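Now for the letters of each chain:
Number of protein chains: 2
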Amino acid sequence: MIKTGSTSRGRKTRAEVSDLRARLLRASIELIEEEGLQKLSLREVARRAGVTHQAPYHYFPDREALLGEICEEGFRLLTERMELAAGDQHNAKLSAAGRLAAVGQSYVEFACAYPAHFRIMFRPELVDHDHCPGAKAEGDRAFQTVARIVHETVKAGLPAVPSEAALITLCWSLSHGLACLVLDGPLAKKLPQTAVEQQVRDVTKTMRALLEASVASVQKAPKRVLKKPTPKRAT
Amino acid sequence: MIKTGSTSRGRKTRAEVSDLRARLLRASIELIEEEGLQKLSLREVARRAGVTHQAPYHYFPDREALLGEICEEGFRLLTERMELAAGDQHNAKLSAAGRLAAVGQSYVEFACAYPAHFRIMFRPELVDHDHCPGAKAEGDRAFQTVARIVHETVKAGLPAVPSEAALITLCWSLSHGLACLVLDGPLAKKLPQTAVEQQVRDVTKTMRALLEASVASVQKAPKRVLKKPTPKRAT
DNA sequence: CTTTTCACTTGACACTGTCAAGACGATTGC
DNA sequence: GCAATCGTCTTGACAGTGTCAAGTGAAAAG
Numbered sequence: 013m014i015k016t017g018s019t020s021r022g023r024k025t026r027a028e029v030s031d032l033r034a035r036l037l038r039a040s041i042e043l044i045e046e047e048g049l050q051k052l053s054l055r056e057v058a059r060r061a062g063v064t065h066q067a068p069y070h071y072f073p074d075r076e077a078l079l080g081e082i083c084e085e086g087f088r089l090l091t092e093r094m095e096l097a098a099g100d101q102h103n104a105k106l107s108a109a110g111r112l113a114a115v116g117q118s119y120v121e122f123a124c125a126y127p128a129h130f131r132i133m134f135r136p137e138l139v140d141h142d143h144c145p146g147a148k149a150e151g152d153r154a155f156q157t158v159a160r161i162v163h164e165t166v167k168a169g170l171p172a173v174p175s176e177a178a179l180i181t182l183c184w185s186l187s188h189g190l191a192c193l194v195l196d197g198p199l200a201k202k203l204p205q206t207a208v209e210q211q212v213r214d215v216t217k218t219m220r221a222l223l224e225a226s227v228a229s230v231q232k233a234p235k236r237v238l239k240k241p242t243p244k245r246a247t
Numbered sequence: 013m014i015k016t017g018s019t020s021r022g023r024k025t026r027a028e029v030s031d032l033r034a035r036l037l038r039a040s041i042e043l044i045e046e047e048g049l050q051k052l053s054l055r056e057v058a059r060r061a062g063v064t065h066q067a068p069y070h071y072f073p074d075r076e077a078l079l080g081e082i083c084e085e086g087f088r089l090l091t092e093r094m095e096l097a098a099g100d101q102h103n104a105k106l107s108a109a110g111r112l113a114a115v116g117q118s119y120v121e122f123a124c125a126y127p128a129h130f131r132i133m134f135r136p137e138l139v140d141h142d143h144c145p146g147a148k149a150e151g152d153r154a155f156q157t158v159a160r161i162v163h164e165t166v167k168a169g170l171p172a173v174p175s176e177a178a179l180i181t182l183c184w185s186l187s188h189g190l191a192c193l194v195l196d197g198p199l200a201k202k203l204p205q206t207a208v209e210q211q212v213r214d215v216t217k218t219m220r221a222l223l224e225a226s227v228a229s230v231q232k233a234p235k236r237v238l239k240k241p242t243p244k245r246a247t
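If you're matching them up, the sequences are chains C and X in order.
Quick note on our numbering: the first sequence kicks off at 13 and runs consecutively.
Quick note on our numbering: the second sequence kicks off at 13 and runs consecutively.
These are calculated hints, taken from the structure and not from any lab test.
Treat the hints with care, since some could be wrong.
For identical chains, the list gives no copy identity; a pair is met inside one copy or between any two copies.
Listed below are the simulated DSS-like cross-link pairs for lysine-lysine, each with C-alpha atoms no more than 25 Å apart in a straight line [to be verified]:
1. K202 to K148
2. K167 to K217
3. K105 to K202
Predicted, not measured: the structure shown is a model, and the values here were computed from it.
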């Protein structure tokens, strides 16, 4: 494909100067944020970048590859943000449940901060992970980050869950669902921005309360495992 | 638009005989399920229904209206299913938390049973609720159903939540996120169907355990409300 | 200075949603 | 009974889309 480094000498190639590749990506994101996914088309992106309709094909084999790159970047940013929340000094003082809730909230905040990325990331009809190995790799890394954070949190004081795999899925689902509803669901439409943020905080707080109550109840009656003790991990 | 009733006498109109409208809807759903959202086009739908590309416009003003109808039907089916789960005799014997978990599971089961409907329902770029009053009405009804079920459940024995509105959003988010991940997310790809179902049951069970632990902890230490007592409902 | 390579451009094709107009049997008013 | 109307589609066209194939002109390499 296309070399992205500089030439043998320190000079920049023409492509690096015009920086069309990055401009195309930026134009795509802006287009989605301004006009919505429906209006996203390679030709409009090219138009916005000030080139002809075929220019994007020099950098991306097809439309899916371009979106795949955004998807990949999105997962990278998401992972970053979750790790930041998990390791945050401010959150370090919290209980295990509090830290988990903070990570969940960071997930939703990511969706709000990068709506175009988020809208593409979980849409297999736009970006099939089988066709975009980069996106798949970053997606897996994000998943493993969630898994690791949950695992550490469980070790640090959440012994009540019947299966850690289920708790991972539960945390991801809750965060993901809340992000979806906040971004494109009924919550986005009617409420003003501040009310939505308050709602997210309330949900986070509720979840945290539930987890903490679970911890407390186990401390009173230890060994209360619900059913079977995690038969198999779902990687 | 088009009258859908029968004629003044009991006879059927031509349209009712050919039943093209229903065939178009069915063809759309089949197309999504077989080929994915990307391949969905009015022309292909018309082709599948055995008519020319313009025939759908006799029944639907545009593509969005057709999808909006599917969306509306989806919300109706979802509401039905949740109410069934909430009122199920088998679930009636459960605790409040158990009933709530059963409703959540019914949400995910709906998504698996009607994947084409579900994929359309939460995609504003396909169906903008402002353009489809029917879809909006059924969507609101579904939301209110969730709210009512949560409310009843809280009254029946979940006093620990800091805000009922937050619990409603939490329940919806968890179910919705899980449905998304199961249908189109990382969970769908690698695991076989039975493992996915087991995972859903595990998550449901975990949530139920968390809620029940919360109930228990409150029963030991009543009046333990986290922060402020529900400032405003988000309708 | 010539040749190659890069970074695009031009042109075409099949496909899409949608507008305008037409066709044609069934129903209806008289 | 028969012309007029109506309902239910069809035909044709247009602008927009993603993508293939080929061309172009300036920079880089020799």
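Hints and how they fare:
1. K202 to K148: Between. Shortest inter-copy distance 12 Å satisfies the 25 Å Cα cut-off; intra-copy 34 Å does not.
2. K167 to K217: both (21 Å within a copy, 20 Å between copies)
3. K105 to K202: This pair counts as neither: shortest intra-copy Cα distance 36 Å, inter-copy 37 Å.
The earlier numbered hint that this structure contradicts is number 3, and it is the only one.
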